[in-house]
Amino acid sequence: MRVRFWGTRGSMPVSLTWRDLRDRLAQVVVQAHGKPLDTLEKACAFVERELDFSLSHTYGGHSACVELLPPGEAPDQYVVCDMGSGARPFGAHVLARQAGRGATIHVFMSHMHWDHIMGFPFFGPAYAAGNRILIYGCHEALEHAFRRQQDPPSFPVPFSQLAASIEFVPLAPGKTHQIAGLRVTPARQFHSGDSYGFRFESGGKHLVYTTDSEHKLQDNEETRRIVAFFREADLVVFDAMFSLAEAISVKADWGHSSNVVGVELCQMARARKLALFHHEPANDDRAIERILRESRRLEELTRDAHRLEVVAAYDGLEIDL
Amino acid sequence: MKLTSQTYADTLVITPAGRLDHDNCDEFRAGIQPHLETGGSDGRGIVLDLSGLEYVSSAGLRCFMLAAREARNQGGQVVLAALRPVVAEIFQISRFNMLFEIHPSVREALASISAPAAAAFDRG
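Chains as they are written, first to last, in this note's numbering: chain F, 1 to 321; chain D, 322 to 445.
Treat the hints with care, since some could be wrong.
[What the hints assert, rightly or not] Derived DEER-like restraints, expressed as beta-carbon distance ranges: (1) P406/D to R2/F: 38 to 48 Å; (2) T176/F to L324/D: 42 to 52 Å; (3) V311/F to S372/D: 34 to 44 Å.
[As the list claims (entries may be wrong)] To spell it out: a stretch of chain D is covered by chain F in this simulated footprint if at least three of its residues, at any positions, have a beta carbon under 8 Å from a beta carbon of chain F; those stretches are: (4) 371-380; (5) 398-412; (6) 429-439.
It should be emphasised that the hints constitute simulated quantities derived from the structure, not laboratory data. Where is the CB? At the ideal position from N, CA and C, for every residue including glycine.
Work out the full structure, taking the sequences as your base and the hints as a guide.
Shown next, in the form of structure tokens:
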């Protein structure tokens, strides 16, 4: 199974400003001084090999949208979690790949806060007849949320004018469903209005998508439930928006977790890889890189026989399980 | 978890030893509560001497924060002292170093709260 990140930012999309870009270019010019970079190939190799990630790349970008590509994927079929602003480039990818052929798109919704649905009005496949979009979720108001954001005065194209066939499919939390060749189990999470994490299994590989969830680890029974949900996952995509200090003090009950709790839960669950996700919009690339470095250090400090790999998700990242 | 305490003038020094995580948080909180109720009252200070703390998890850090809040509610103050390098690193990674006043030694922590307490510490 492959996981492709189209949107990784929390709460609202962000982009680099001209000042960010200018400062970054200036740093690169200084670092390149005296190096024989007289061809584009040499310059690209220098950028890839010698610069910090926060200089050569950006974490982005778009709000939550994560694509799953099961092994032996069916043609014309797509699976995605959440419809944040990353759904716009994801939709463009679908349309380009399909080249006019109809597609079936399975959408799993963690919840309907704005940053998780805002990409849908710009999701190209919704406007093309011949496409079928199935939107799965555990909230009663799932359909209402999608319809409402297209209504005036918020958007000029009402939901009823979308040409694709769009169906809303309720899922029961705690129950395993067979969808698009995947075994999918939703689990309720602590977030304003509730959110749901999803555990996906295909071909013996397990992905846990758990965003917008405040894991407090206060109650041992609740912790055991979450650890069981994460158990031996090949990848856990985890809401690490706040520092632990923020999540426990000034931002307690805001419904988000930290990198520290992500490492702890994945270690308890013997998960193999943790992807820090739902990045705080106020954090620039250097701040996220620092959080990643510290998360890896924490994992190293607290490691027993089990090794957990930690990465920070960015728009465009692909992970093969 | 082993918990010992000693009073220096108007300030209490509490010394936990071992590991503090979700398995023994309740035990730690129960052990520290009487000290918070007595030592933290009337604006008195409490020093948590962490020289014997080998490891602290997120659940343990939450215990420290709750203890500080409890002391504050009673007009007292909690400061930390003598963190081992690993524990200091965990405080920094979790940003708990921004929530607490942290001193390199118990002596310095006492001096920051109360001159009589520091003098009592010096007298042994």
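Point to revise | Coverage of the region 371-380 of chain D by chain F (three or more Cβ within 8 Å) | key: holds (count 4)
Check your understanding: Is the gap between the beta carbons of V311/F and S372/D within 34 to 44 Å?
Key -> Holds - the Cβ-Cβ distance for V311/F and S372/D, about 35 Å, lies within 34 to 44 Å.
Practice item. Given the hint of 38 to 48 Å, check if P406/D and R2/F actually sit that far apart at their C-beta atoms. Key: This hint holds: roughly 40 Å between Cβ atoms.
Check your understanding: Can the region 398-412 of chain D be counted as covered by chain F under the rule of three residues or more with Cβ-Cβ separation shorter than 8 Å?
Key -> The restraint on the region 398-412 of chain D holds, since 3 of its residues have a Cβ under 8 Å from chain F and three suffice.
Exercise for review: Could you check the hint for me, namely that T176/F and L324/D are 42 to 52 Å apart, CB to CB?
Suggested key: Holds, at about 45 Å.
**Study point:** chain F covers the region 429-439 of chain D, three or more CB atoms within 8 Å, holds or violated
**Key:** That given contact is violated, which follows from only 0 residues of the region 429-439 of chain D lying within Cβ reach (below 8 Å) of chain F.
The structure does not agree with numbered hint 6 stated previously, though it agrees with all others.
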